[in-house]
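Throw the hints in and build the complete structure from the sequences for me.
There are 2 protein chains.
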Amino acid sequence: MVDIVVMRAISSDNEAHAKEVRKALDRNKVAGLNLISSPGSGKTTLLVKTIQDNPGLKFGVIEGDVYTSRDAERIEKTGAPSVQLNTEGSCHLTASMIETVLPKLDLTKLDYLMVENIGNLICPSAFSLGVHKRVVLLSTAEGSDKVLKYPQAFNTADVVLITKMDIADVVDFDVKIVEDDLKAVNPKIEPWRVSAVTGEGLDRWYDWLKGLHA
Amino acid sequence: MVDIVVMRAISSDNEAHAKEVRKALDRNKVAGLNLISSPGSGKTTLLVKTIQDNPGLKFGVIEGDVYTSRDAERIEKTGAPSVQLNTEGSCHLTASMIETVLPKLDLTKLDYLMVENIGNLICPSAFSLGVHKRVVLLSTAEGSDKVLKYPQAFNTADVVLITKMDIADVVDFDVKIVEDDLKAVNPKIEPWRVSAVTGEGLDRWYDWLKGLHA
Chain L
-18 MVDIVVMRAI SSDNEAHAKE VRKALDRNKV AGLNLISSPG SGKTTLLVKT IQDNPGLKFG
42 VIEGDVYTSR DAERIEKTGA PSVQLNTEGS CHLTASMIET VLPKLDLTKL DYLMVENIGN
102 LICPSAFSLG VHKRVVLLST AEGSDKVLKY PQAFNTADVV LITKMDIADV VDFDVKIVED
162 DLKAVNPKIE PWRVSAVTGE GLDRWYDWLK GLHA
Chain G
-18 MVDIVVMRAI SSDNEAHAKE VRKALDRNKV AGLNLISSPG SGKTTLLVKT IQDNPGLKFG
42 VIEGDVYTSR DAERIEKTGA PSVQLNTEGS CHLTASMIET VLPKLDLTKL DYLMVENIGN
102 LICPSAFSLG VHKRVVLLST AEGSDKVLKY PQAFNTADVV LITKMDIADV VDFDVKIVED
162 DLKAVNPKIE PWRVSAVTGE GLDRWYDWLK GLHA
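As they're listed, the protein sequences go chains L and G.
Quick note: the first sequence uses this note's numbering, first residue -18, plus one each step.
Quick note: the second sequence uses this note's numbering, first residue -18, plus one each step.
Take the hints with a grain of salt, since some may be wrong.
No copy labels: a pair is met if it fits in one copy or bridges any two.
[As the list claims (entries may be wrong)] Result set (DSS-like, lysine-lysine): computed pairs, CA atoms no more than 30 Å apart in a straight line: (1) K157 to K58; (2) K191 to K4; (3) K157 to K4; (4) K164 to K191; (5) K58 to K164.
No wet-lab data here; the hints were simulated from the structure.
Dropping the structure here:
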């Protein structure tokens, strides 16, 4: 049974709630990640694959969705503890929402808290969730022009993953454009190419995750 | 040179502005359409193809984007008049924005006003723009589960186009799921399958457009 919590966005004092979330994570030595992307970029698929490929790492997941618990049901099959957070119309998660559902996960038993944000490249970028790192996914199917069109997602990212590399040729994706645009928007990082289907690039992603606990 | 207008969302009295937009369109016998989808679903590609394939129809385009004028530049190459509307952070267009930029297009010379909304399946659904029809695009690459996850986009649609049908097999897309979910959310319509690459399904879309002026 997936645990579903329905919440609406309250924007007041997001930073105060973010600090409380951070304190709870740090107290329990849990690394928190905020996963942001368009609908259908492969956030849940990457999470499922990451959990399955790393049985030695203990993941907990907060699944954000406007409606439905389909994603949390997919996570549940991996055996990782998960909470479905439904916003019923709201276009992003807030730190207050995370703070509210956090007690549903036993942080003492986790290494990582993975928060899958609402499928939206715009609004989620404006709200800190109190976690440590922000990971932005861009699928090759979305096209090569998205970094400059949605700069606020990419310039606040700690990691950018280009997903669905296995279909890059079919959808005529030009990784060079993304690399160049990212240099303009967020020169500290370069995009990592991954595919949950072929496994391309996943080792680097897993190494980075493990490094958060090094 | 692409004409760029920067605007921020003001939510007050959206319906009053929508009425003014509708009056201007009706006075000039222009059919107005609001195109909504995730980033990278193919709104601009469909618009370019539609304009190119129908030289007898007079299209004007309002291109909504958070930043950049890339889409309006693509439209401009077709010869159709276009205005780029940049929201600089806002996640959707409003009727007030449309009303403000409308004088930049000579409505007496148009049959259709195509408004490409911000790439976002959530927020744009909540704002009427005063146009006549709402068209929602879902690309096969986004996955088959999106209708129930973003019902507010699909239950307010007059037409749902499943785009990128040419890669449906590669991305393991199941059209039956979308058809079934749409029956639950918006039983008046069924999704139309299209591909701007192969031309699949475009005749039906063009016939429907022409029917708006029948």
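Results for each hint:
Taking the shortest Cα distances, K157 and K58 sit within 30 Å of each other only across copies (24 Å), while inside one copy they are farther apart (37 Å). Proximity of K191 and K4 under a CA criterion of 30 Å is satisfied intra-copy only: 21 Å inside one chain copy versus 60 Å between copies. For the identical chains of this complex, K157 and K4 are neighbours neither inside a copy (39 Å) nor across copies (46 Å), given an alpha-carbon limit of 30 Å. In this homomeric assembly, K164 and K191 come within 30 Å of each other (Cα to Cα) only inside a single copy, at 26 Å, whereas the closest approach across copies is 45 Å.
For a Cα distance limit of 30 Å, the shortest separation of K58 from K164 across copies, 28 Å, qualifies, whereas the shortest one inside one copy, 38 Å, does not.
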